[in-house]
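Trainee: Chains as they are written, first to last, in the working numbering: chain A, 5 to 520; chain B, 140 to 459.
Any given hint might turn out to be false.
[What the hints assert, rightly or not] Derived SDA-like pairs: lysine to any residue, alpha-carbon spacing no greater than 25 Å straight-line:
#1 A/K338 / B/K300
#2 A/K338 / B/A260
#3 A/K145 / A/K74
#4 A/K338 / B/I258
#5 A/K74 / B/L452
#6 A/K338 / B/P159
#7 B/K451 / A/K203
#8 A/K203 / A/T240
#9 A/K286 / A/D159
#10 A/K338 / B/V254
#11 A/K197 / A/I225
#12 A/K145 / A/F104
#13 A/K206 / A/G99
#14 B/K300 / B/V185
In short, the hints are calculated from the structure, not lab data.
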Amino acid sequence: MSVSQDDVAAGSSSSVAPLLVMNDISKSFPGVLALSHVNLEIQPGEIHAIVGENGAGKSTLMKILAGVHKPTEGTIQWAGDEVSIGSPHAAQQLGIRMVFQELSLVPDLSVAENISLGRMPRGRLFVDRKRMARLALEALKVIGEELDPNTLIADLTISQRQLVEIARVISSGARLVALDEPTSSLTEFEGKKLLAVIKSLKHSGISVIYISHRLHEVLAIADRVTVMRDGRTIETRSAQGATQAELVQRMVGRDLDDMFPKAIVPIGPVVFRAENLTGEGKFSDITIEVRSGEIVGLAGLIGAGRTEFARAVFGLDRFDSGACFLNSVRIRPKNPAQAIRDGIAYVPEDRRLLGIVPPLSIRENLTLSILRRESRAGVSRAGVIGRRAERAEAARLTKHLSVVPAAIERRIETLSGGNQQKVVLGRWLATGPALLILDEPTRGVDVGAKAEIHRIIGELAAEGIAILMISSELPEIIAASDRVYVLHEGSLVAEFDREGITEENIMTAATGALAS
Amino acid sequence: MKLAARLGTKRKLGFSIGVPATVLLLLMVGSVSSPHFLTVSNLLNVLTSISIVGIVAVGMAFVTMSGGWADLSVPAVIATGAIILLGTQPTLGTLGAMVVALAACALAGAINGIVIGYIRANPIIVTLGSNIIVLGIAQAFVGGRIVYNSDPLANQLVKGKNLGVPFIVIVFLVLALIAHFILARTVWGRWTIATGGNYAAAAASGVPVRFVRGIAFVLTSVLAGVSGCLLALSLQSVRPVIGTGYDFSSFAALVVGGVSLLGGSGSIPRVLGGLLIVQLMSNIMVLHGFPTTAQGLAEGLVIVFAVALDIKLRKRSGGL
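One chain only, chain B, in its complex shape (with noise of 0.2 Å):
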């Protein structure tokens, strides 16, 4: 017992310091080791970036934290949202558009949730599978042709800036203050977390186990649906593979940022710590020349080391 506290505590103490430690040493590196990092420019575009991944993070926090581990259906969901979206655009104008774009990315999510939260189906399994089959209605769909906006002004304000703020980053602080506020202060959020953190136990307590995790996917889906269109818009094209690779950068922001990959653990500052490590890492590689294959190498590394970390503290303290 008394070991476990220690742990406990350390663990605790590993979080408030390690995160951000690491985002200070990569800050400094960044700035040490090229004149191009501490612009202004380049900050803003490692802000932009994070902030689309950012805004699917967000969700998986919930899916991860409920104990549904991860949505790898983010990739094709993001997809159908931004080619909805263009593709609805001249019918529907841009907002009508974007609402049944997200409709239908709730749906999905809600297949998602129904087969994982009430029929208990692995998270995985399914969401592999959904993303193959999303995004091969998304390619029927649209035919493998690329799909272009038609509505310049939405490109504007989706690209543009308020007091020297992307717009994009405005939705995604909004967003993740809001989910913040979700899962520190509500009870919805409280239940997230004991969901994950026992799922026997919280469904013995009266918490509705099977509804919390299900939602987890539905949110999920729907900021994925809403990280698709803002791509879109500011991209002014679509293509079918326009969401590849999300899935895995969103859970690695978690990962890394100290959410355990059990449940029952994490929040959203943690995210934007993760968030902010795997960013600042990828615009290093980059502003360095590093091939894109080594970029991907260095990410995954990090993964499996937060995951390895995340499991052998968990079993020592106990809770495995």
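Okay, chain A solo, but in the shape it has when bound (with noise of 0.2 Å):
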């Protein structure tokens, strides 16, 4: 800790010497470039923000910092010395250190053998268990942190185990730590506390990048804010004076209008409504409605109950009280067949895991879901697949969603994520839903397919579906909702129409500013 508060507070001057220069890094992977010619400066005892959509590369910058990857083209400086970063225990070797969305503590052990793990203070023969209490010790009191350092991982808050890995990263001797979005799944209070300790550390002489969707909290704690978009660069900036609205256009390199254009849909009755609906643990007394022809905006903070309670409704789990209604008519989701039959259909978050069936191809995912007569556009007769009226129906739903490349023979993992999550898309449509919720429906997809999945879903609406939509990102929700449900832990806190819907509203009431 060389360096001293006269330093850290000309921060963003050129005037020192950078710890870490990234220069002209370029990483292509078959067939994907995902970054180009990015240029990274870290200053001793900065905290430096990198803002960017999904996939504009922020991770993978951020996994050859950490000697995941190997950069294809470019050089890394580090404290003034070309470097190469083979392994993560190089970059480890320097001080660099990650702070993973996914924390890396071992549940079971201890808050002091975490803090220690991998070197623990030896006595003569076994840990010396005094010591490594006390390294915890110094190192919670660094980071403000009161905690039993006997206390087991398993026992602490999603934030408390945030700040022991913090603390942990503290006194393995890092230099520069980089931390991925961590205060995603925190409470409005608690972030606020994580980036307090984050500003101690900067007081300690160590650079942090810091990686965050939450822009108005980038802008609260950062010297400066470097811009990713499309695996590039955009700029490198100081927080100093600017806004939100600056940031979110270098993001998104256009104009909100044009990426999730709103079709305006004569709205029509209540489709779908739910009563009270409540599972233990995950959401409590949840009243909802979904008009026909509306877009119902879902938003709250990661962990707020807002995929738990699409999953009850869809009938993949159970809800323990409260009741649902389609068409007035009461329905009991036991099971996703069930609930297909009544007419809900559900596209998941996670593509990969809930929503292609790899091996198969574009057709047979498209027809997954009415393979049975009984449902509404069924393509069999007595359990036998009609062929051509499954391809009939393959064919029109692949032109209707625009998939490229058109072959519905082609597996679907030879699909780029956009046309993926169409056919995911195209799957629902063709049980004819009532109400389709869908579940982060642009999450890791390119602009393009986005804007596209945005146009469908607005045809969609026009057809006269429900849809509920859940989405982490805000300028998605703000864009596309005709109304906005709020969730915070798993209660419902606010709702707002066209006009209440803006981005303040929202994530006032997210962070349970309402609630409290």
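Dock chain one against chain two, each of which comes alone in its own frame, and use the hints as you go.
Mentor: In structure tokens:
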């Protein structure tokens, strides 16, 4: 920690030799150029934010820094020397530490054991437990957290675990800490505490790379901000004087209206109604309505219970009390097959896990939910699939959704993420649903496919389908929704109509500021 | 994506050329190296041994394709079917005894199916365990004795031929044809493949995944029972070890033919290809007088190679 307070204050000036310079970094994977001529410079004791949409290349850049990937082109300088970070171990040797969304703590070990994991102080024969506890206390003190070092990680809250992870990083002699979405699963209060801890890192001369979608946090905490888009660095600027709107504009590279075209659709009667729906420990007492032709956004932080609510409505999980109505008829979603018969469709959040069936063709993926005759557009008779009917239906859907390529016998694995998502969407359209639940419909798809998927969603609404859309991307919720419900820690905390849908309103509600 | 696409097509070609080419190669090697290979009686021998294993392999194909890996209880179920058939034959007659035998096999399969499909226990462990249990019961039932056939008519039928084709071969071909139709053309077949291709996604698409996977085990047990009955009637006597090795040979045929061990892809024609390769290989080795141990070694090597290739291809095409 040789850096003095004065240097820290001058964090963004160029008078200090930078700690890290990533110069002209490119990284290509087979068929994909993930990073293209990226430049990044981190000063000692600087908090440097990186913002950008999903898929902009932030994570790939961090993986290069962490020694997980090797850059295809470009050089890295560390404290003035050119280095090659060949492995995660090499990155650690330099003093580079990563804190990812998924924490790397061992839940069944204590706080102290986790903090000194891999380098436990040794006594004559066994681990020197006293010294280990002392080290843990020291590290916890730096971040201002009072915790019993003997507590098991499993007994801590998520935010406490995050702090322990940071304490571990500090006590291991980090010089640069990269945090990837550290506050995404925290409440507003916990998030503020974490931000304070990050600031204290800066004061002990540690540099921080801070990746977040929460732009107000970024502007509050960072010295400088680098914007990434489509694998490139668009600009690096001082955080002082920057506005959220400017950042969004740079991140997206075009106006939001073009990205989420919103058609004006007449809104009909109530199609779906959940009444006091409660799933113990996941969501409680949720009453919502979705009308025909209406796109209703379901906003909230990760872990607010949105996906859990959707899964229960679709019969993937049980709920404990409450009732669901479809066109005023009570439905009891026992399992997905039942829900499909009732007229509910659910495009899941995780496409790879719950959406596509990789070894099957586009055709087979499209017709998976309409094989049985009792479903509306069934393509089978007495259990035998009608080949002509199936092919015709698959061809119709590929055309309707403009899946590229439109070769229905191709394996779905060979398509891009956006086209895979269109096929999953198509599977559900085929069932002729009254209610379509979309869970993060454009996660991980590129900007072009995003706009196209939203055009399709708009068309579906125009056909009179009631749409409930879960999204963690506020611009998406704001631009596409007719109405927005906000969940916080499993409870419905707010409802906004078209005029009330603003980033500030939603964020305030989602972070629980209304609930308390 | 491009790379994955290329591998995808390569893999398809790899099957459509690779398996028939290997069969052809083996036929050539056999006929060149041994004067006994290309004789009617030898080829009928090969076909008959393919059929007994093949009936089991057809059932196993459903298990593997639905993502249930393999059914290792096959040897015990074959023995059970054979023992019950011959044991109850004197009182129930051959046909009645067969019904009882197959029902008992279906019950064993149902227990496997429930524990694996609904409780989602590891299929390898469950069927390894049920193999020992069922074999134990069968052994207790006959007490180590040999049970003999008491219906010479049934023996004649099973050992007989129609238009030169052995009865057992006909039974196998009919069953294979039905299975092929189910897998390729019916809703149930598509569900089976989808369950193995992505269990969670299939479940979320309304496929009754637990039932589908459970039934695959019932089907395998019933078909193993059919194999056991045919074996018992043609051999005229049964000991509890009668089914030994059928789990392994049928599984070998699947992986060699290109049914993905990971589930979600495969077909009955591929199983046939695999059966031909494995059985021709062992036939050629028998004709050349290789000891049984060497045959086992060769079969083992082929399986390990086929499994490794399957996983490798899947990984590269991004399926894992």
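Trainee: Which constraints among the numbered hints does this structure fail? Numbers only, ascending.
Mentor: The structure conflicts with hints 1, 3, 6, 7, although it agrees with all the remaining ones.
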